[in-house]
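Here the protein sequences line up with chains A and B, keeping their order. Using my numbering, the first residue of the first sequence is number 1, and each one after it goes up by one. Using my numbering, the first residue of the second sequence is number 1, and each one after it goes up by one.
Treat the hints with caution; some may be incorrect.
[Unchecked claim] In silico BS3-like cross-links for lysine-lysine, where the CA-CA straight-line distance does not exceed 30 angstroms:
#1 B:Lys71 <-> B:Lys57
#2 B:Lys42 <-> A:Lys9
#3 A:Lys9 <-> B:Lys71
#4 A:Lys9 <-> B:Lys57
#5 B:Lys58 <-> B:Lys22
#6 A:Lys9 <-> B:Lys58
#7 B:Lys42 <-> A:Lys57
Honestly, the hints are just simulated from the structure, not real lab data. Quick caveat, the model's predicted, so the values are computed rather than measured.
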Amino acid sequence: DSGVTQTPKHLITATGQRVTLRCSPRSGDLSVYWYQQSLDQGLQFLIHYYNGEERAKGNILERFSAQQFPDLHSELNLSSLELGDSALYFCASSVALGQEQYFGPGTRLTVT
Amino acid sequence: GENVEQHPSTLSVQEGDSAVIKCTYSDSASNYFPWYKQELGKRPQLIIDIRSNVGEKKDQRIAVTLNKTAKHFSLHITETQPEDSAVYFCAASKEGMTTDSWGKLQFGAGTQVVVTP
Chain A
1 DSGVTQTPKH
11 LITATGQRVT
21 LRCSPRSGDL
31 SVYWYQQSLD
41 QGLQFLIHYY
51 NGEERAKGNI
61 LERFSAQQFP
71 DLHSELNLSS
81 LELGDSALYF
91 CASSVALGQE
101 QYFGPGTRLT
111 VT
Chain B
1 GENVEQHPST
11 LSVQEGDSAV
21 IKCTYSDSAS
31 NYFPWYKQEL
41 GKRPQLIIDI
51 RSNVGEKKDQ
61 RIAVTLNKTA
71 KHFSLHITET
81 QPEDSAVYFC
91 AASKEGMTTD
101 SWGKLQFGAG
111 TQVVVTP
């Protein structure tokens, strides 16, 4: 157990819908990262927040957005969902910038 | 942007033998290279990492080597055991090299390692 928690574990929804994935970092960690893992794209970096501020962005779609709250938990919002958004979404956390990232258990999103 | 290539895609070894996975990266500014192990249906788990100011790092049966000149790094697992069976991912990032590079891990495609008793 890495200490990073994610909810929900599984999510099934229809195309066109919007969902919110939640991540709580390890106690004391200031950085939260979001990744998408799919069979065809592998593990893809989406976005990084540090102490409430966005610090780095990957190839995150405009339909996706994230934020980190004052209590340091983070949410990833996915809207106008398409079949291709079906994937495992992981968040990771680290104590500070440039430090080791520890992954949560992931949320499996299925878009039907 | 950074591109990380990982070989081989699958690796079968007999228990007790060694396994080696190699990765190459394209951006010479990359300075952080972690390795993750992912069992089926589980989260990626950090097993070892190395930074660009070090050439080799070892932790029990696992070691990582880095060749900055050639832009490649390798994972070595000795005395493999059935519980080493998993997918292994290498990654690279440019920690702090630009204001927006922090934590931006670029992953390789993964290596499925199967250890047969």
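Each hint, compared with the structure:
1. For the suggested pair Lys71 (chain B) and Lys57 (chain B), the alpha carbons sit about 16 angstroms apart, so the restraint of at most 30 angstroms is met.
2. Note on Lys42 (chain B) and Lys9 (chain A): the hinted pairing holds, with a Cα-Cα distance of about 11 angstroms set against a maximum of 30 angstroms.
3. Proposed proximity of Lys9 (chain A) and Lys71 (chain B) is contradicted: the alpha carbons are some 38 angstroms apart, above 30 angstroms.
4. A threshold of 30 angstroms between alpha carbons decides the hint, and for Lys9 (chain A) with Lys57 (chain B) the separation of about 35 angstroms lies outside it, so the pair is violated.
5. As the CA atoms of Lys58 (chain B) and Lys22 (chain B) are separated by approximately 16 angstroms, the hinted pair is consistent with the 30 angstroms bound.
6. In summary, the hint linking Lys9 (chain A) to Lys58 (chain B) is not supported, as the alpha carbons are separated by about 34 angstroms, beyond the 30 angstroms threshold.
7. In summary, the hint linking Lys42 (chain B) to Lys57 (chain A) is supported, as the alpha carbons are separated by about 25 angstroms, within the 30 angstroms threshold.
Comparing the model with each earlier hint shows violations of hints 3, 4 and 6; every other hint is respected.
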